[in-house]
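Generate coordinates for the entire structure from the input sequences, incorporating the hints supplied.
Residue numbering for the sequence shown follows the numbering used here, starting at 388 and increasing by one per position.
Quick caveat, the hints were computed from the structure, so don't treat them as lab data. Note that the coordinates shown come from a computational prediction; the quantities given were computed from them, not determined experimentally. Possibly wrong hints are sitting among the right ones.
Unchecked claim - Below 20 Å or equal to it, Euclidean Cα-Cα: the simulated SDA-like pairs (lysine to any residue) are:
no., residue 1, residue 2
1, K699, G567
2, K587, G640
3, K699, E689
4, K534, A550
5, K587, S642
6, K587, S612
7, K534, A547
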Amino acid sequence: MTTSPTGNQVSRRLLHGPRDPGDAWVYSETGQRYWGRFGAAGLVAVDPQRGILLQHRAEWSHHGGTWGIPGGALHEGEPPAVGALREAAEEAGVPCGSVSPLFTSVLELGFWRYTTLVARVVEPFDPVIADAESLELRWVPVAEVDKLPLHHGFAASWPALRAALEVRAAVVVDAANVVGSVPDGWWRDRAGAAERLLSKVEAFAQAGAALPVSSVSTSVAAGVSAEDLGLGGTSWFPEFAVVVEGAAREIRGPSEDEAPHAPVRVVRASASGDDAIVDEARRRVDGGETVTVATSDRELGERVAAVGATVKGVGWLRELIGYGARR
Numbered sequence: 388m389t390t391s392p393t394g395n396q397v398s399r400r401l402l403h404g405p406r407d408p409g410d411a412w413v414y415s416e417t418g419q420r421y422w423g424r425f426g427a428a429g430l431v432a433v434d435p436q437r438g439i440l441l442q443h444r445a446e447w448s449h450h451g452g453t454w455g456i457p458g459g460a461l462h463e464g465e466p467p468a469v470g471a472l473r474e475a476a477e478e479a480g481v482p483c484g485s486v487s488p489l490f491t492s493v494l495e496l497g498f499w500r501y502t503t504l505v506a507r508v509v510e511p512f513d514p515v516i517a518d519a520e521s522l523e524l525r526w527v528p529v530a531e532v533d534k535l536p537l538h539h540g541f542a543a544s545w546p547a548l549r550a551a552l553e554v555r556a557a558v559v560v561d562a563a564n565v566v567g568s569v570p571d572g573w574w575r576d577r578a579g580a581a582e583r584l585l586s587k588v589e590a591f592a593q594a595g596a597a598l599p600v601s602s603v604s605t606s607v608a609a610g611v612s613a614e615d616l617g618l619g620g621t622s623w624f625p626e627f628a629v630v631v632e633g634a635a636r637e638i639r640g641p642s643e644d645e646a647p648h649a650p651v652r653v654v655r656a657s658a659s660g661d662d663a664i665v666d667e668a669r670r671r672v673d674g675g676e677t678v679t680v681a682t683s684d685r686e687l688g689e690r691v692a693a694v695g696a697t698v699k700g701v702g703w704l705r706e707l708i709g710y711g712a713r714r
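Here it is as structure tokens:
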């Protein structure tokens with residue numbers, strides 16, 4: 388693998404400022420070239436009403452005249468999902484906070500990597516051509532995307548991406564079971580212990596990525612391994628539903644009605660916590676979501692499996708979010 392800044396790829400960084408070290412070609416052993424010394428990333432913004440935001444690439448650009456997604460070379464040390472949002476902001480005027488990440492899909496070549504971030508539009512916006520790399524920016528209905536002359540890389544990945552657009556991932560947390568697995572004195576203050584757990588879940592779900600290597604303010608959750616959730620792609624950004632009962636019902640945190648797009652919601656059991664977890668899992672499965680329940684309660688695990696959810700032990704969740712020490 389070799390790198391070189393030469394070639395006919397021109398960018399806003401050449402036209403309007405100093406070149407970033409990432410703006411260079413990477414060459415394979417067979418001579419094929421790929422843009423981005425540190426890899427590259429792009430954003431698939433999905434608007435439920437308007438479709439997918441696509442970029443008609445300028446004729447002089449690499450694979451000019453084709454349609455693809457806003458994206459480009461990563462900065463050194465920049466998380467790929469952050470780079471995808473930065474590039475989308477720089478190339479298409481995608482506002483910070485206008486999209487909510489759904490999942491990532493990674494093309495790994497060993498010497499070079501491309502990360503596609505798929506995100507749902509939560510605040511509608513009109514894209515703006517911000518540099519010379521675009522002939523047009525257009526919202527394209529999902530069913531019409533493959534009717535356009537697509538960039539070969541996007542064309543290859545589109546079938547799998549399109550299928551994954553139908554998937555919604557959720558993790559339902561048995562808060563009492565998770566809290567009870569950590570001998571930190573939770574029995575003296577059940578609400579306080581549940582609050583600590585909720586804070587850890589929120590910190591994980593909102594973790595982030597507003598890093599100095601990015602030129603725009605962005606925030607991307609850490610993500611959950613697709614393999615852990617039994618899904619395609621590379622990582623997912625599921626919604627979390629933290630189910631609390633008894634004294635823990637008094638903790639802060641929005642319900643679904645209060646914050647429909649929040650990455651973490653609190654479900655307050657009116658009676659049995661186990662019943663509330665089963666009901667929440669059933670409701671989400673019936674709504675088409677792929678549901679994982681975090682509990683080590685065997686009987687509860689059997690009940691949620693019966694309604695179509697999968698089960699992960701509380702050790703998995705604790706390691707994921709960094710809650711407590713392992714027994």
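Results for each hint:
| no. | hint | result |
| --- | --- | --- |
| 1 | K699 / G567 | holds (16 Å) |
| 2 | K587 / G640 | holds (13 Å) |
| 3 | K699 / E689 | holds (12 Å) |
| 4 | K534 / A550 | holds (17 Å) |
| 5 | K587 / S642 | holds (17 Å) |
| 6 | K587 / S612 | holds (18 Å) |
| 7 | K534 / A547 | holds (16 Å) |
Violated hints for the displayed structure: none, as all numbered hints are satisfied.
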